[in-house]
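Novice: Spelled out, the chains give:
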Amino acid sequence: MIKILKVQSNKRIELIDITQEVRNIVSESSISEGICWLFVPHTTAGITINESADPMVVVDIQEQLNKLIPYHSNYKHLEGNADAHIKSTITGIDNYCFIENGKIMLGTWQGIFFCEYDGPRERKVLIKIIEG
Amino acid sequence: MIKILKVQSNKRIELIDITQEVRNIVSESSISEGICWLFVPHTTAGITINESADPMVVVDIQEQLNKLIPYHSNYKHLEGNADAHIKSTITGIDNYCFIENGKIMLGTWQGIFFCEYDGPRERKVLIKIIEG
Amino acid sequence: MIKILKVQSNKRIELIDITQEVRNIVSESSISEGICWLFVPHTTAGITINESADPMVVVDIQEQLNKLIPYHSNYKHLEGNADAHIKSTITGIDNYCFIENGKIMLGTWQGIFFCEYDGPRERKVLIKIIEG
Chain A
0 MIKILKVQSN KRIELIDITQ EVRNIVSESS ISEGICWLFV PHTTAGITIN
50 ESADPMVVVD IQEQLNKLIP YHSNYKHLEG NADAHIKSTI TGIDNYCFIE
100 NGKIMLGTWQ GIFFCEYDGP RERKVLIKII EG
Chain B
0 MIKILKVQSN KRIELIDITQ EVRNIVSESS ISEGICWLFV PHTTAGITIN
50 ESADPMVVVD IQEQLNKLIP YHSNYKHLEG NADAHIKSTI TGIDNYCFIE
100 NGKIMLGTWQ GIFFCEYDGP RERKVLIKII EG
Chain C
0 MIKILKVQSN KRIELIDITQ EVRNIVSESS ISEGICWLFV PHTTAGITIN
50 ESADPMVVVD IQEQLNKLIP YHSNYKHLEG NADAHIKSTI TGIDNYCFIE
100 NGKIMLGTWQ GIFFCEYDGP RERKVLIKII EG
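Top line first, the protein sequences correspond to chains A, B and C. Each residue of the first sequence is one higher than the one before, counting from 0 in numbering that gives the first Met the number 0. Each residue of the second sequence is one higher than the one before, counting from 0 in numbering that gives the first Met the number 0. Each residue of the third sequence is one higher than the one before, counting from 0 in numbering that gives the first Met the number 0.
No lab work stands behind these hints: they were computed from the structure. Just so it is clear, the structure is predicted and the values come from calculations on it, not from any experiment. Please note: incorrect hints may appear among the correct ones.
It does not matter which identical chain is used: a pair holds within one copy or between any two.
[Claimed, not checked] Simulated pairs of lysine to any residue, SDA-like, Cα-Cα distance not exceeding 25 Å:
1. Lys75 with Ile15
2. Lys75 with Ala52
3. Lys5 with Glu20
4. Lys75 with Glu62
5. Lys10 with Glu27
6. Lys75 with Trp108
Sequences and hints are given; from them, build the entire structure.
Specialist: In structure tokens, the structure reads:
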């Protein structure tokens, strides 16, 4: 079964911590051992796992991505969000984490972040949990 | 079981839409719920899921990758394709998508693209489908 | 069951070939068909699959990442390793490979590399193998 997590972004570019929401979905599944798969069904967004302790870490990620892939350039896609598509390919749209004793196994400093690159919008993350 | 999808590239750098080929393989598997895993067994190629509606999106991705990782530079790998190896690591060589009701679940604008970074060549994508 | 592979890095930035260690863990599992999942529980490290024949390939990857994401810049995360966090998101922290006849299926030139971006440290890679 696929669960849908809704994410509301409030800025054009924003990394949103969804760790607790993913933990809740895993907890509701009652699966004690397995893998939790995350998939972003959008082309101007992404997902990443990185430090959640200091909120400045994801700000640095956003700013460096903006330096490498500027908002405005001589892009050929004319909808004004070509940079967001490129950022999506660079961070990727899927990530997984292991489940043990009913809980997702993240490192001490890790959190799961939805990467909004063309917000604000209402977005989705598809989540599938398989026992094993 | 692992299926092998053959992909023929025609340029040095080229993102090739393989969505229909993946759909066909999922359809032939007769699996109605599960996950479809894609793996590129090459070191100068990759895979990404991004917009397939406007073909200019993947052109922008290629051109920006070329700006960030130029074809020629003072690379230490002397086969003339060091940039292709670096691009491969940046886009990644694997992606998965969920299967529901016998079909892969992609977002409205999403397509699956084989990323050729050192073509033209005959390439492969390994595909594994697991029920669950 | 989750296996833990320990990796000792010796430099600040270093791509370490862990292919043989992963092969050994797959071999010990006695699983003949399935998928081997790798997950790095760190926020200043990553994982990638790329060429292992010429060791200069991963040197080029490191050097290009250093050009794109310099060690020192006006980062907001003040622990002196903001670049390592950004590099982690760009290469990613997970990768998988298929298992057939008890062996991982890699392309001719492929090896699995742990990416250290803030070493030297003792690191871990979590490995989970599922039959299927």
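Novice: Please go over all the hints and tell whether each is borne out by the structure.
Specialist: Hints and how they fare:
1. In this assembly of identical chains, the alpha carbons of Lys75 and Ile15 lie at most 25 Å apart only when taken from different copies (17 Å versus 29 Å within one copy).
2. Proximity of Lys75 and Ala52 under a CA criterion of 25 Å is satisfied inter-copy only: 13 Å between copies versus 38 Å inside one chain copy.
3. In the homo-oligomer, the alpha carbons of Lys5 and Glu20 lie at most 25 Å apart inside one protomer (10 Å), although the nearest pairing across protomers, at 30 Å, exceeds that limit.
4. In the homo-oligomer, the alpha carbons of Lys75 and Glu62 lie at most 25 Å apart both inside one protomer (23 Å) and across protomers (10 Å), since each shortest distance falls under that limit.
5. With identical chains, the CA atoms of Lys10 and Glu27 are never at most 25 Å apart, being 30 Å at best within one copy and 42 Å at best between copies.
6. Taking the closest pair of Cα atoms, Lys75 and Trp108 come within 25 Å of each other only across two copies (17 Å); inside a single copy the shortest separation is 39 Å, beyond that limit.
In summary, the one numbered hint that this structure violates is 5.
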